[in-house]
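The primary structure of each chain is shown beneath.
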Amino acid sequence: MTALDTATYHINYQKYTFYDEYKRIQPNIKTTQPQLTKFWSVSLDPKYTSEILRFIKQKFSADDYLKQIKRIKKVMDDSKHFHLEILICPVQHMESHVLIDMLKKWLTTPSDFELTLTTASVPLNKPYSKELCMSWSQLYWPLVWKGNPMVQEIRESYKNFKRGTVERYLKEACNLSNSSIASYPIATIIVDPIKDQVMASSVDKRSGEDPMIHSVMSCINQIADNERRRRKKLGDHKETNNYLCLNYDVYTTHEPCTMCAMALLHSRIGRLFFIKPSSVTGAIGENSGCKYMIHLSCTLNWKYEAFQYVGDRLQPSKLDSSLSV
Amino acid sequence: MTDCTYSHHIKWMREAIKVAESALEVPEVPVGCIYVHDGKIIGKGFNATNITLNGTRHSELVGYDMIRQTYGEKTKQIFRETDLYVTVEPCIMCASFLRQMGIRKVFFGCGNERFGGNGSILSINTDMPSRVDENIHIDTPYIAYPGILNREAIVLLRKFYIKENKKSPNANNKKHRRLDLQNFPKIEYSKYITRKQFTNLFGEENGWIYDNNEFMDFDDNNRITNVNTERDSKKRKLDS
Numbered sequence: 594m595t596a597l598d599t600a601t602y603h604i605n606y607q608k609y610t611f612y613d614e615y616k617r618i619q620p621n622i623k624t625t626q627p628q629l630t631k632f633w634s635v636s637l638d639p640k641y642t643s644e645i646l647r648f649i650k651q652k653f654s655a656d657d658y659l660k661q662i663k664r665i666k667k668v669m670d671d672s673k674h675f676h677l678e679i680l681i682c683p684v685q686h687m688e689s690h691v692l693i694d695m696l697k698k699w700l701t702t703p704s705d706f707e708l709t710l711t712t713a714s715v716p717l718n719k720p721y722s723k724e725l726c727m728s729w730s731q732l733y734w735p736l737v738w739k740g741n742p743m744v745q746e747i748r749e750s751y752k753n754f755k756r757g758t759v760e761r762y763l764k765e766a767c768n769l770s771n772s773s774i775a776s777y778p779i780a781t782i783i784v785d786p787i788k789d790q791v792m793a794s795s796v797d798k799r800s801g802e803d804p805m806i807h808s809v810m811s812c813i814n815q816i817a818d819n820e821r822r823r824r825k826k827l828g829d830h831k832e833t834n835n836y837l838c839l840n841y842d843v844y845t846t847h848e849p850c851t852m853c854a855m856a857l858l859h860s861r862i863g864r865l866f867f868i869k870p871s872s873v874t875g876a877i878g879e880n881s882g883c884k885y886m887i888h889l890s891c892t893l894n895w896k897y898e899a900f901q902y903v904g905d906r907l908q909p910s911k912l913d914s915s916l917s918v
Numbered sequence: 008m009t010d011c012t013y014s015h016h017i018k019w020m021r022e023a024i025k026v027a028e029s030a031l032e033v034p035e036v037p038v039g040c041i042y043v044h045d046g047k048i049i050g051k052g053f054n055a056t057n058i059t060l061n062g063t064r065h066s067e068l069v070g071y072d073m074i075r076q077t078y079g080e081k082t083k084q085i086f087r088e089t090d091l092y093v094t095v096e097p098c099i100m101c102a103s104f105l106r107q108m109g110i111r112k113v114f115f116g117c118g119n120e121r122f123g124g125n126g127s128i129l130s131i132n133t134d135m136p137s138r139v140d141e142n143i144h145i146d147t148p149y150i151a152y153p154g155i156l157n158r159e160a161i162v163l164l165r166k167f168y169i170k171e172n173k174k175s176p177n178a179n180n181k182k183h184r185r186l187d188l189q190n191f192p193k194i195e196y197s198k199y200i201t202r203k204q205f206t207n208l209f210g211e212e213n214g215w216i217y218d219n220n221e222f223m224d225f226d227d228n229n230r231i232t233n234v235n236t237e238r239d240s241k242k243r244k245l246d247s
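Those sequence lines, one after another, are chains A and B.
Residue 625 in this note's numbering is what sits at position 32 of the first sequence, and the numbering runs on without skipping anything.
Residue 172 in this note's numbering is what sits at position 165 of the second sequence, and the numbering runs on without skipping anything.
Bear in mind the hints are in silico, worked out from the structure with no lab data behind them.
One thing to keep in mind: the hints can contain errors.
What the hints assert, rightly or not - 27 Å max Cα-Cα, derived DSS-like pairs, lysine-lysine:
no.: 1; chain 1: B; residue 1: Lys193; chain 2: A; residue 2: Lys652
no.: 2; chain 1: A; residue 1: Lys631; chain 2: A; residue 2: Lys896
no.: 3; chain 1: B; residue 1: Lys81; chain 2: A; residue 2: Lys798
no.: 4; chain 1: B; residue 1: Lys198; chain 2: A; residue 2: Lys884
This structure is a prediction, so every number in the text was calculated from the model and none was measured.
Turn these sequences into a full structure, and let the hints steer you where they fit.
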């Protein structure tokens, strides 16, 4: 956040831009609201601490989104006795009776012990200041403060950001859109960043017969079709990874609509780059459309990074703002 | 017996359940849908994300491809007079797709707690963009009725996951899991529709189902069979 930082890294932490040309679309620090998720928590006497910790370690240790959340909360009841509230897992992951059965089998509680689950609201997104962290801990559930996560996140993102590569593919998408004879000058390219190879590219092909074949959807379909053909040809029926776009980069001339933004989330892409914002129909920008920011909306499953090109060298055609792309 | 105002919707949902059931043999996650236009099924499909290797091939999009192959240029016009019956709440992607296509109404079985786009996570079907200008076209909102054969939809999903767990070599702790037909999470109707919208369809006499977030049960004639024990006991008290 110092002048030196800015010079060495070309990061603007106030505007979230890299090289003054690529704006990383992320929640505004000042207006960050807790994204609360309901969790099962169980209330126990402190003497069961080690048992329950072993239980969590064995059954729920993979849940690494819990790193900033304290597992155990100490609560004093009216008679000045301490008991522990232990966070188990998101309510949507398990039905209460299944979890109670598991707990009863595991814990050495007396047979007449009444085990009850309560629900706790827990913020899964990170607070960006120590003050906010303390206030959320008071309001919801105790959190761990590990320094400003936004600075760490932006630096990590910057490390993987190859300006030349990004610009090359965005230019390619622009050229594709400008040379297209289709009715709408929108183009998308999907790239495997490890091989630095184009995996699919398409212009917008919507027509009266198929008004929904937006360029993002066409690219996702292309990748699946190609892989199906390849597996058929090779007689390859191994059950391998079926997330074919896993961590791929997507370059598109216009900010995607809700359908396309969510299709990219279902396909588990890594990053999205777009040039022109879609103020009414867009689903990524913090002020676009209904302000969904779909790339960050489903915290338990997957999210991807999104960048808007804010420079003035790349210029795809402007579109009617009520058009979903 | 004459049909009541909602019974044909239940009849159609039974068809959607049948479509979803056929996914179990493939095997795919058993979510199924049918599109009904003018009293006829014009499109149907089940989730096909595994066989196609394409995470976007949800039942709604599979059914759509069938419709556009029949109707071509007229597809969008047909959609405006078409209702969708789908066993699980449309995800955010499909909810947006349906709105852009101008679907008339949606009926669904159980909610989709991870990706639901008709009220569970986001309300894509009714939200309005913050920047509204009379010259700008906004896709027409649609109503999505939850809880139609909710239990049947959940049982299908459970059957699938039990089968999948048996295949997985690491699932030793789930091996003995039986199909649970007793316990179901409650549905919170107010997340999806208003009480008025509910009673307009199911009648004022069934408003208590909405208030108590009860599952709806239907008989062979597709009429609601839920009994309001609270009200009946009060009535009995008054009678005596």
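Going through the hints against the structure:
1. B:Lys193 <-> A:Lys652: 26 Å, holds
2. A:Lys631 <-> A:Lys896: Holds: lysine 631 of chain A and lysine 896 of chain A sit about 19 Å apart, inside 27 Å.
3. B:Lys81 <-> A:Lys798: 17 Å, holds
4. B:Lys198 <-> A:Lys884: 19 Å, holds
Violated hints: none; the structure is consistent with every hint.
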